[in-house]
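Chain A is fixed; fit chain B with the ligands onto it per the hints.
If you're matching them up, the sequences are chains A and B in order.
Residue numbering for the first sequence follows UniProt numbering, starting at 1 and increasing by one per position.
Residue numbering for the second sequence follows UniProt numbering, starting at 1 and increasing by one per position.
Keep in mind that the hints are not guaranteed to be accurate.
[What the hints assert, rightly or not] Partner residues are not named here, just some residues of chain B that face chain A (Cβ under 8 Å, in silico): (1) Phe54; (2) Thr68; (3) Pro72; (4) His73; (5) Asn83; (6) Ala85; (7) Phe87; (8) Phe98; (9) Val102; (10) Arg146; (11) Ala341; (12) Phe343.
Calculated directly from the structure, the hints in this document are not laboratory data.
The beta-carbon is built from N, C-alpha and C at its ideal position, and this holds for glycine as well.
One-letter residues, chain by chain:
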Amino acid sequence: MRRKAEIVLRHVWRNRTTWILLLPVLFVLIGYVLYPTWQTFVNSIRFNGHWGFELYRRFFTGDSLSNLEALWNSVYLSLLSVIFSALIGVPLALIFHRYDFPGRRLFQMAAVMPMVLPSLVGVMSFLFLYGESGLVTRTVQHLLGLSTPPFTLSGVPGILLVHTYTMYVYFYLTVSSALQGLNPSVEEAAVNLGAGPWTVFRKITLPLLTPSLIAASLLVFMTSMASFSAPFLLAGGYRVLSLQIYFSKLNGDMQMAAVQSVILSVVSISFLLFMRWHQGRRDYHISEKGVSGWRREVRNPYVKWMLVFLGILMVAVLLLPHFTLILLSFVPEGTWTYQTYPTEFSLENYILLMKDPSIWEPIRNSLWMAALATAGNLLFGVLTAYLLVKRKFRGKNLLDILVMLPWALPATVVAMNLIFAFNVPAFFGFGHVLVGTFWILPLAYFIRHIPLVVRPTSAAFAQLDDSLEEAARNLGAGWFTAFRRVILPLVLPGMMAGALLAFVTAVGEFVSSVLLYTIDNRPISIEIMNQLRMFNLGQASAYAVYQILLIALVMFVSNRFLGVKMQNTL
Amino acid sequence: MSSVRFEAITKRFQDVIGVANLNLEIRNGEFFTLLGPSGCGKTTTLRMIAGFTFPSEGRIFLGEREITSVPPHKRNTGMVFQNYALFPHMTVMENVAFGLTVRKLSKPERTKRVKDILQRVRLEGFEDRKISELSGGQQQRVALARALVIRPSILLLDEPLSNLDARLREEMRSEILALHRSFGITTVYVTHDQTEALTMSDRIAVFQRGTCQQVGTPEEIYQSPKNAFVASFVGETNLLPATVLKREGDSVLVCAASALFEVPVTAVEGEAAVGETMWLSIRPEAVEIVTGPGSNTISVTTELIQFMGFSIHCTAKAEDGTRLRSLILNHRFQGMKEGEALFFHFPAERLRLFAQRGEEE
Ligand SMILES: Nc1ncnc2c1ncn2[C@@H]1O[C@H](COP(=O)(O)OP(=O)(O)OP(=O)(O)O)[C@@H](O)[C@H]1O
Ligand SMILES: [Mg+2]
Chain A
1 MRRKAEIVLR HVWRNRTTWI LLLPVLFVLI GYVLYPTWQT FVNSIRFNGH WGFELYRRFF
61 TGDSLSNLEA LWNSVYLSLL SVIFSALIGV PLALIFHRYD FPGRRLFQMA AVMPMVLPSL
121 VGVMSFLFLY GESGLVTRTV QHLLGLSTPP FTLSGVPGIL LVHTYTMYVY FYLTVSSALQ
181 GLNPSVEEAA VNLGAGPWTV FRKITLPLLT PSLIAASLLV FMTSMASFSA PFLLAGGYRV
241 LSLQIYFSKL NGDMQMAAVQ SVILSVVSIS FLLFMRWHQG RRDYHISEKG VSGWRREVRN
301 PYVKWMLVFL GILMVAVLLL PHFTLILLSF VPEGTWTYQT YPTEFSLENY ILLMKDPSIW
361 EPIRNSLWMA ALATAGNLLF GVLTAYLLVK RKFRGKNLLD ILVMLPWALP ATVVAMNLIF
421 AFNVPAFFGF GHVLVGTFWI LPLAYFIRHI PLVVRPTSAA FAQLDDSLEE AARNLGAGWF
481 TAFRRVILPL VLPGMMAGAL LAFVTAVGEF VSSVLLYTID NRPISIEIMN QLRMFNLGQA
541 SAYAVYQILL IALVMFVSNR FLGVKMQNTL
Chain B
1 MSSVRFEAIT KRFQDVIGVA NLNLEIRNGE FFTLLGPSGC GKTTTLRMIA GFTFPSEGRI
61 FLGEREITSV PPHKRNTGMV FQNYALFPHM TVMENVAFGL TVRKLSKPER TKRVKDILQR
121 VRLEGFEDRK ISELSGGQQQ RVALARALVI RPSILLLDEP LSNLDARLRE EMRSEILALH
181 RSFGITTVYV THDQTEALTM SDRIAVFQRG TCQQVGTPEE IYQSPKNAFV ASFVGETNLL
241 PATVLKREGD SVLVCAASAL FEVPVTAVEG EAAVGETMWL SIRPEAVEIV TGPGSNTISV
301 TTELIQFMGF SIHCTAKAED GTRLRSLILN HRFQGMKEGE ALFFHFPAER LRLFAQRGEE
361 E
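So that you can see chain A by itself, here it is in the shape it has in the complex (with noise of 0.2 Å):
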């Protein structure tokens, strides 16, 4: 009898445990994910003091058709991105996997260059290359003498240049990461079968490439579902679902506001929901240690040289905005006007940075800012994951969909929720009016960045054996000792790796700031977009410098120290 009584109290008591961290976690996922979703919602279902679907109605069928054109032109673009990107990713990963040419590592490495470009500045160097008066312009028309430029990065075209250039990259690392899992005996054994080379490519090599193609189709739509910075800069008179909401904002017009996050979050999060049941539903990994797939050596001179030269004019291409970026961060305002090329270069931007607070300012509030915000990712990204790797309960999965939502939610939408959830003195605002302040950014960008500190530590903690915790407790230490002693190190790389993660995606934050800043918080990119507007192009560029700066720093020390793989940090 004992016995048994005291089996329950432990296991009620191991329950306890549980609850008691759940509690902070389930506080902050339904106070600052759920309850501001709600509220959107809320606004969008309220007209004129009636409930209804009313605005739905117009949306869908309104005399101007507006929205339902930004709906569609979103879609369309979001389609084309992914064919685009599919079209460059796909290939080059297959030749750097397949073949081995002088440079190839030089190549690989430049190919996931434009990963290190925050989405502002992406697409700003576009447009100082290829923009109306960009550098490449100039110098087509310079070179065949023309009156007017020849082209200009806008609409369509534009957008869907920029969405290429930083998404080919989802598909590059996805398919790369699943051709190394790939075990070449596979391939090797339906030749021996008698089957050639394009068989195989059709029959075996492809369909094993098939999730990792839909996963990253998913992945490059709903970025592009998503994408604010490129139509912001460059759609024209184009209409696109997320720039909408930003407009419906400015014009005052809330409750239109609502309706288009509503619209957008339902897209988002049936793409969310869908790739988390095909990641679930088949997977082949099938490689083991000691396989290595093998590089053909290209032996053909003419081949060979060619792969080279593509190559090198592919670092071009990849590299030209960073270059671009340094090379302008070098010249003073003012200086850079109807020449074709900039003529005069000094260190002023930079020294600037030293001298005007009104300078550094931006800075500060970013560094300042996003620090908070990966604080707080970090503190509730280590007790997340541990939950939902190491503890059973019921609504695991729901808790899973919450924690993923934030970053699924474009940055568009979720800046809305928190306007209409912390407009008004809330709750979870703990009585204040949050919108206006210095906190809702931190909060903003905090909220963001969850998964990306959950996904690595939840990798991290299911890589761990349950025996280690337990041995642990078996040695006399408490759970609090054990998990500090004995799991926390263990899981630290990954979670380090996550928070720098979090903090450099911050620091480079546009979308959502762009709703939600103050004149007392502005970060470095609403900086960078006065700078634009001033036509000092310098001093936006020398911002865009630092930011690389800190991406690369960052990357290059969890590559190294930390042992992130590039792959895993989609």
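What follows is chain B with the ligands alone, placed relative to chain A:
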């Protein structure tokens, strides 16, 4: 069905030699095993037959046809990979039918042959299973069926049993042999397991560091190893340094561990010049325990007696400290004790004399 002939084949990988100057003939219908320690070039040899690796020098023939540079999908060899390499996105049926599909066989013909072969490997009823729903042994059988169904002219097996547990390994061993017998197909089998090689093969080629050391039937390899490496890699052996004293008639007199031994010339590797240091080898089970001195006999003190059930392992020390092992079957156990003084008799016909020690791998 076909024979295979290697003519002066060498395969270099950048600076590593995979296989060096290999001359080998695998006969029609034979079960031929490539045996050797890890990295000795077995897989490389096998992959050259399949066409995944092209030799740097030399020529390969499949029957009368030279295949040195024929691409792998035109060779009609059936290969079973170490990890099976089953197509994970296809069912058992689709896996087995793959080779027939690329050969453009008609659907009814395909189905008939697949059904037939699945029955042969005792997998009827598994047609629609996914690969991930099979046990290790079943996957092994699918791999075999997939290779056999195309009626290859030669069957290649690269350590096919190494992923299975001991019990299953034994079962699959006899199953593979049974299939070999019933199909009569020339089979090349790669393994580093000497028991597997000895029990299954018609003939064995022993490899070391890319060089083929000896080719022969299991008995030949075991009873008359050509050099010290073969002797110590296939089975166990006592190996002791011996100085050649003189050659008389058809035997050589050597001194090893301060005792004198006569070795028949037929068992001597190389010239055996007087004064040369060579290596005397005798298998533990050939050592006889006797009570008194005599010819080819050495006096020892037992050190360790291990009772193994069906046999007894006895480790003993000669007067100069050389350790010797002997293995006796249980029914001749006469209650030896550790520390006892005994005599080991080395029957002349079981002795071998090698030129080199043959480094251990
Ligand atoms: N693709 C390759 N590139 C470079 N070296 C290779 C390659 N394949 C094999 N080698 C080398 O050739 C030698 C023979 O290799 P092989 O794979 O034939 O050995 P093995 O006998 O099959 O060994 P194991 O029992 O470990 O499978 C080894 O030294 C190996 O390192
Ligand atoms: Mg091998």
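Do the hints match the structure? See the list:
1. Annotation: Phe54 of chain B was flagged as interfacial toward chain A, and the flag is violated, the nearest CB pair being 12 Å apart, outside 8 Å.
2. Checking Thr68 of chain B against chain A: minimum C-beta separation of about 17 Å lies over 8 Å; hint violated.
3. Evaluation of the Pro72 of chain B hint against chain A yields a held restraint, the C-beta minimum of about 5 Å falling below 8 Å.
4. This hint holds: His73 of chain B has a C-beta 5 Å from the nearest C-beta of chain A, less than the 8 Å allowed.
5. With a least beta-carbon distance of about 6 Å to chain A, the hint placing Asn83 of chain B at the interface is held under the 8 Å criterion.
6. For Ala85 of chain B, the interface hint holds, since its Cβ comes within 8 Å of a Cβ in chain A; the closest pair sits about 4 Å apart.
7. Nearest Cβ of chain A to the Cβ of Phe87 of chain B: about 6 Å, under the 8 Å cut. The hint holds.
8. Below 8 Å, beta-carbon pairs count as interface contacts, and Phe98 of chain B has one with chain A at about 5 Å; its hint therefore holds.
9. For Val102 of chain B, the suggested interface contact is upheld, since its CB lies about 5 Å from the closest CB of chain A, less than 8 Å.
10. Annotation: interface hint on Arg146 of chain B holds; nearest CB of chain A at approximately 7 Å, less than 8 Å.
11. With a cut of 8 Å, the hint placing Ala341 of chain B at the interface with chain A is violated, because the nearest CB-to-CB distance is about 51 Å.
12. The restraint placing Phe343 of chain B at the interface with chain A is violated, with a minimum CB-CB distance near 50 Å, outside the 8 Å limit.
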